[in-house]
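K.L.:
The primary structure of each chain is shown beneath.
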Amino acid sequence: MSISEQPHDSGEGEAPPAPASPPVRSESPADPTDDGPAPDRSAPSASPVGRLAATVERLRREVRAAQAEAEGRALVELAKGVLVERLQCGPAQAARQLMELAEQAKVTPLELAVEVINQAARDRMSEVTDAFLAATSETAEPVVDSAAVRLRAAESGALAADDTQAVADSLLQQALLPLGAVAVAIWAAGPDGSLTLAGSAGFSPVEAARWRYVPPDVVTVARRGLTERDGQWITSLAATGLPSIGRHQHPDGGRAALPAGTGGRVHGVLEIVWPTPTDPQPARIARQLEALAELCAHTLETYTLRQGSVSDPRVMPDAAELMDLADGLHDPALVLVPHLDDSGHLVDFRIQHVNGRFLDPAGRPRAVINGALLLEAYPMAAGDSELFQRVERVHATGEPFRAQRMNLTALVDQVPLSAVADISISRHGSGVLLLWRIEDETARLASLLQNAQRLGRIGGFEENLLTAEITWNGQLFDLYGRSPSSTPVPLEELPAHAHPDDTVAIRRFLRTVLHQRRSASTAFRLQRPDGVTRHIRVVAEPVLDTDGRLFAVRGAYQDISAQHWTEVALAATRDQLAHTEQQATERNRLTLQLQHAIMPPAQAPLQVPDLQVAVRYRPAETEQLVGGDWYDAVVLPSGMVLVCVGDVAGHGIEAATSMVVLRNALRGLAVTGAGPGQLLSWLNIVAHHLTGAVTATAVCGLYDPARHTLRWARGGHLPPVLVRDAEAAPLPLVKGILLGAVPEASYEEAELQLEPGDTLLMYTDGLIERRDRSVEESLRHLLTTARAAPRTLDQQLDRLLTYSRSDTDDDTCIVGIRVG
Amino acid sequence: MSIAQNPLSVEVTLPREDVALIAVEGYLDVDTATEFQHHLANQLHHGRRHFLLDLSSVPFMDSSGMNIILRVYQQARDIPGSVHIISPAPAVLRILELTGVSITVPVSGSVEEALARVDAFEGEQGGQDSPQA
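Protein chains in written order, with this note's numbering: chain H, 628 to 1447; chain E, 90 to 222.
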């Protein structure tokens, strides 16, 4: 940097030399491969003419000499400028001084000029030349002088050149031809990884035009050189198989591709072509070439600027955008900008910004990391993890770097911690975006466990019984309501902190763990110093040493208060459920009790002369199916006997309630002395006006003991069955609609004269109902059963129930009367 | 099960604008009663006053089916209108007689007979024109 301004200083002193040099150089780039336009074109046609060739060679030498002289003059002028500044003298005095010094030092003025410039510059070129001089003086090589001069000459030319093409010419002529190289290409690297041929010398114009642009991802020698920090050294191009400019001309030649960078940023590649296989260059030559590459970089910097494709890399107009981008990412992200030292060398990156997801591995607040230098914040980044180097590379080349499961080392409280992270580094403008996603499984699990413990309110402990050392985690102090700095409570003293009622359980737990050396757990009420009582479960296991002796106990406390109350709530719910179930059961039982209360399964026999009356009531087996069947047999005040069965549609307490209403209504109505038809007609009105549109069927008879007659009527019910002389038959189907269906209805009556021994049966359809049979079929079966009359009426009813072919679990009522 | 084996088929035709002839095919039991009822409710909703229930293809009917008939009977009576059962199978007729439903809901041998009864009803109503309570 400091050098580049010096030509201006010196240029004022004596005008001619500096402007003189460019025109001389400009001769050669016009046709780099062929030496001079005119002679060379005629050379192929007049090949035998050796004299012409000699002339060409002489002219070429002259041109070169003139060029070198021009370069030398430029350097001498430069040195004079330095002396003017240092000695505070005029240009003429400086010139004299230079000559005198040269004479004294027994060197040419040109060499002395280089010496002066080197001392003044103290730049990389100086180091190279110094080292070079030192190395060559040791081996006493005779080319010492020319090498240093050559480099400075090339530099001078390069710096004076206003375009990369001129630089290429200068480099080839001044520095590379003496090293045996025949061509040079200077590539400018695009941010997308593409290469543009910014300047070349030694190639045919056609070849140069052919290679003016290399798209991204096309692997060429130059491209290799871009990514290799130390450059690409190729003994023979053919061996690599890589394409490159001038391959057809020099297929087996050696190549060198060196990244051309300044300030840590690579702007392009310097590619050098040798005509024949070339062994890797010795270190000093390599350093020379690297220095030349750096020279190119200065020009390339300007070159890219002129292209306008990339803005000045030293400023960051896009930093704000990059920060926005970082803030939008879901991974921890750092925005880095290069940090250069005074001489423009990249020494570190400044952490311009960290996003919201960023968590410092060392747990420092974001504000501390923000604005710090990368290596200061993360000294280990420069270590084995190579993180810093990766960032540097991406910044230099613009090629993004992605790696999965990269080992990172972070220094946390002076303890290096290894972590595995997915890394992404990319360059945006002049900034670098660094993303990392810590993948450390153990760290993740540890954090998971920690959260689980926190959520589960689990506190861990370990007690060394030999040293009485107790370790608690933070959660356990919380659990105990103690500050983390207080002394942990030994397991043995647990009873002192628990509800007195839990002492026995805790003692048993301690005995199991400490004495019997078995894992154990217990629950107790922890009484905390703040007066809060928590329900705690403690789990502990003994830790035995190799001799089987108990030396530690470890385990965990869990606050089960929430769980405890959940259980309490659950228990309450369960109780309530049980209560509901019980209620339902009770309802069913109530229904049954109602049935039983109204119609005892075994009724006290009616005291009626010459008449046996028997009743059977069989409730449905399933309690909730107990329903609305009823029977009645009662001697009315008139001496008449009321017999009836009925069936309210539906089941349960509602049906049973309706049944009670109808049964009692019929009893009450019967007292009036009305006939059965009239009774059913009234009963129909009762049923019709019952809430819930109840329908019911019933058959009702009035037996006159004096006349042995039965007057009867039915409302939609099966007619009674008469068993007489081993014959069973239903009574005729007198008209009568079921009860409750219509507001008013009349019921036909019939009268039956009974004879001694006759049995009359009234029953509900629970006795005969079958899903797969018609009423007729079922009835036939009933009649068959009824016909085989056993001795007593009770036996007959029992038999009917026993042999009932009903397949529906329904209430069943039977009323039987036997005359005799 | 009976749905799968004996699905209920209900076909409604309108011999007259306010007369719905509903031909039922299948078992009228607890499984199919609801569907049957929906058809009847739909016709009631559309202003039919007379319901002719063709039960000739109903081999079996239980109390559920009977309750549906009783319900539509009560609703029709309030309009006023009427319900007629046409050609019930013997088993169904038996149930209707046993429960006395046939007393209230007249049973006809054919559609024509039922329509004649509707006419008679209309004539009766035309004279009185006062719905029964």
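To be clear, the hints were calculated from the coordinates, so they are not data collected in a lab.
Backbone N, C-alpha and C fix where the C-beta goes; we use that ideal spot for every residue, glycine too.
Be a bit skeptical, because a hint or two may be false.
As the list claims (entries may be wrong) - Simulated restraints on C-beta separations:
| no. | chain 1 | residue 1 | chain 2 | residue 2 | range |
| --- | --- | --- | --- | --- | --- |
| 1 | H | Q1305 | E | S146 | 38 to 48 Å |
| 2 | H | D1352 | E | L182 | 26 to 36 Å |
| 3 | H | R1294 | E | P179 | 31 to 41 Å |
Claimed, not checked - Far from chain H, by Cβ distances over 12 Å, these chain E residues were calculated:
| no. | residue |
| --- | --- |
| 4 | E124 |
| 5 | S153 |
| 6 | E186 |
| 7 | E213 |
K.L.:
Hints first: check each against the structure and report whether it holds.
P.N.:
Here's how the hints hold up against the structure:
1. Between Q1305 of chain H and S146 of chain E the beta carbon distance is about 40 Å. The supplied range of 38 to 48 Å therefore holds.
2. Our hint of 26 to 36 Å for D1352 of chain H and L182 of chain E holds, since their Cβ atoms are close to 31 Å apart.
3. At about 37 Å, the CB distance of R1294 of chain H to P179 of chain E agrees with the hint of 31 to 41 Å.
4. Every C-beta of chain H lies more than 12 Å from that of E124 of chain E, the closest at about 19 Å, which supports listing it as non-interface.
5. Remark: the non-interface label on S153 of chain E conflicts with the geometry, its nearest Cβ contact in chain H lying 10 Å away (cut-off 12 Å).
6. A cut-off of 12 Å between C-beta atoms contradicts the statement that E186 of chain E is not in contact with chain H; the least separation is 6 Å.
7. No Cβ of chain H approaches the Cβ of E213 of chain E within 12 Å, the least distance being about 18 Å, so the stated non-interface status holds.
Taken one by one, the earlier hints fail for this structure at numbers 5, 6, listed in ascending order.
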